[in-house]
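A.B. asks: Sequences are here, hints too, so could you generate the full structure?
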Amino acid sequence: MATLVNAPWIAVLLPALLAAVIALAGRAVRPAIAWVAWVAMLGPIAVTVLGIGSLMAIGGAEASGEPWASALASSGAATWFSAGGVTLSLPWAVDSLTAIMLLVVGIVALMVMIFSLGYMSEDPGFVRYYALLSLFTASMTLLVVGGSLLTLFVGWELVGACSYLLIGFWFTKPSAAAAATKAFLTTRVGDVGLMLGLAVLWTATGSLGYAEVSEALPTLAPTAVTAAAVLLAIGAMGKSAQFPLHIWLPDAMEGPTPVSALIHAATMVAAGVFLVARIWPVFELAPAAQTLLLIVGTISALGGSVIAVAQTDIKKVLAYSTISQLGFMFAALGVGAWEVAFFHLVTHAAFKALLFLTAGSVIHGSGTQELAEMGGLRKAMPVTFVVWLVGVAALAGVPPLAGFFSKDAVLDVVWLGAPVAAVALFAATALTGLYSAYATRLAFFGESRSKVHAHESSTAMLVPLAVLAVGAATLGLLGERLIAALGEHPEPLSLPITAIAVVLAAGGAMIGWTLGGRMASVAPGTGRSKATMFVFSGFRFDELVRTLVITPTVAMSRGLWAIVDRFVIDGVVEGSAYATRRAGSRLSKAHSGDTQGYVVIIVLTVAVMLAATVWLGR
Amino acid sequence: MSLIFLSCALFGLGLYGILTRRDIVAILASIEVMMGGALVLLVGLGSAARFIKPALATAAASPVEGVALMVVVIAAAEAAVGLALLVAIARRRGAVRIDELTEVKG
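Protein sequence lines correspond, in order, to chains A and B.
Last residue of the first sequence: 618 in our numbering, with the numbers rising by one and none dropped.
Last residue of the second sequence: 1106 in our numbering, with the numbers rising by one and none dropped.
No false leads were slipped in.
Label pairs and their computed distance ranges (CB to CB):
#	chain 1	residue 1	chain 2	residue 2	range
1	A	VAL568	B	VAL1071	56 to 66 Å
2	B	MET1070	A	TRP35	56 to 66 Å
3	B	THR1020	A	ARG618	32 to 42 Å
4	B	VAL1081	A	TRP202	55 to 65 Å
5	A	MET556	B	THR1102	52 to 62 Å
6	A	ASP594	B	VAL1081	14 to 24 Å
7	A	ARG618	B	LEU1083	41 to 51 Å
Worth flagging that the hints you see were computed from the coordinates, not collected in a lab.
All residues carry an ideal CB built from backbone N, CA and C; glycine is no exception.
C.D. replies: The structure is reproduced here in structure tokens:
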């Protein structure tokens, strides 16, 4: 394959190219709104087509239990360039895992782009917004289809950069700029772990390709594998906003709401889960890393759902809910059921993207994000209300919606693997029902508490909601086929676990419903106890981080600046500049302008060089 | 052998002219003399090689003559450009003495 033209790379290059076109021509060809969004949609469509095509191609082939082995069945490499004997190739590997992930990325990105037609239509940054969405699509596709950990890492960093730019999309708002920086720096902590993990694997195997690493795995020292797996797990925790690196996700809600749906609910934050599933053979040999994933996931699942209960902002509820649901996936990874984690990833992408877009529709229609200022939207926004109900029902695990199947599958495997963690997850399930019902009652039921007259959103915004609602409702039924496609044997849900989960969720929902009714009757901003405020602030975890990490780092940086930077580095820089300037002014004297003087120097120099050649060449 | 001496003599004369004359026209002429010296060496060695290696003598055309001819043509073009510059300088400043053209100095 001499050229870069391979189907998976087209799906990467097309959105990247579109991003460039939109960024460069968006301002020149007016009106931008007439064409930019439609052009941008070609990218996700290409990704979706690739996903469907790969799935159909793989569907006939025998699926293999090893995720890498099945990936290798349809892999290849495009030559980036070759110079002399060195050939740099861009490998790609597409298996059922990749194909399903591509479908998730493509469809959610497409829905978000359609939704944004309505949501962002009046924003002056419309062109920049679509350029960034296209770039994100390209980066996420690169992350997914790449055939080595290196391409994954490049995509990983690019989606991080897009996330930074989109969280800080309204960068004139100080809180948005701060949130973008916080997200970037926090995920960077995880990325350092990922990078070190890659370094360990590179040192041990001499390669980062999935195929090469998987072949070399049995020969590696257990310590090297464990170190690599733990470091990669830290990378996954940073990206997927797991405790204790979760603090950036709630702040990331400063970005436009459709962005939250795409990046911070469905695709990028799920990249951590995807990473672990993709390189599962490494984790399989590293029980320590699995335990780490299980602990972190359980803490995040329970903590996220507790904090979500105390939130008053509809997007913050969803953000903490996302942390909680990602915690479920990590817990499943922790007990070795990567295919169940991936199943939950897919259903979660559908219903959480739906919920975020619905929240966007609510914010667009009612002009507020505060639950306390909504109320009664059921009548003003009937379509939004119905799809929201589908979304929260799927989230809370109401049978037979998507979340019911995937979450109960997670509970099932965790119960078998680690009963203590499963108890915590059951509590999180109850709390999920609680905050779902609570937010629903506050936003959609009762009397309107807002002065703004809410209105239903435009068709462009309702169509994606309907599509995602269908997904959120039905994806769970495809669970067995999905797990079978991944090469695992789907286990039937165990009835007691399912019954307990549903009863707990229903109980939680009833409490939430009552709480919501009580909150709706009191004036906004009052009736919140100290304990509630403590939970509301996310257990003051931000302040803890500030005291333990940020303050010492800043103090150390100040010290370094005062001594090392000012004296050593400035000394070197300014000293070399001074020396150069002095030497220049001295040497410029030699330029006399006397041409014949130059000729004398040239002749003498040539004579000396000739003499030297003769002398030394003897 | 005498050709090499002739070539060196021409080159040396040209160099002497460049270094001692102040008139740019004379310097240009000296450059032509130096180039002549180089050409003599080129053609001379070419014919000497033919003398030493008879196989070359039977060749239809030696590359040396071609190269020499090209050097002559290029030298003519270069002299034309040089003289044109000289005319321009003379018009602007009224003098063509090299020791007066010392603006380009540090």
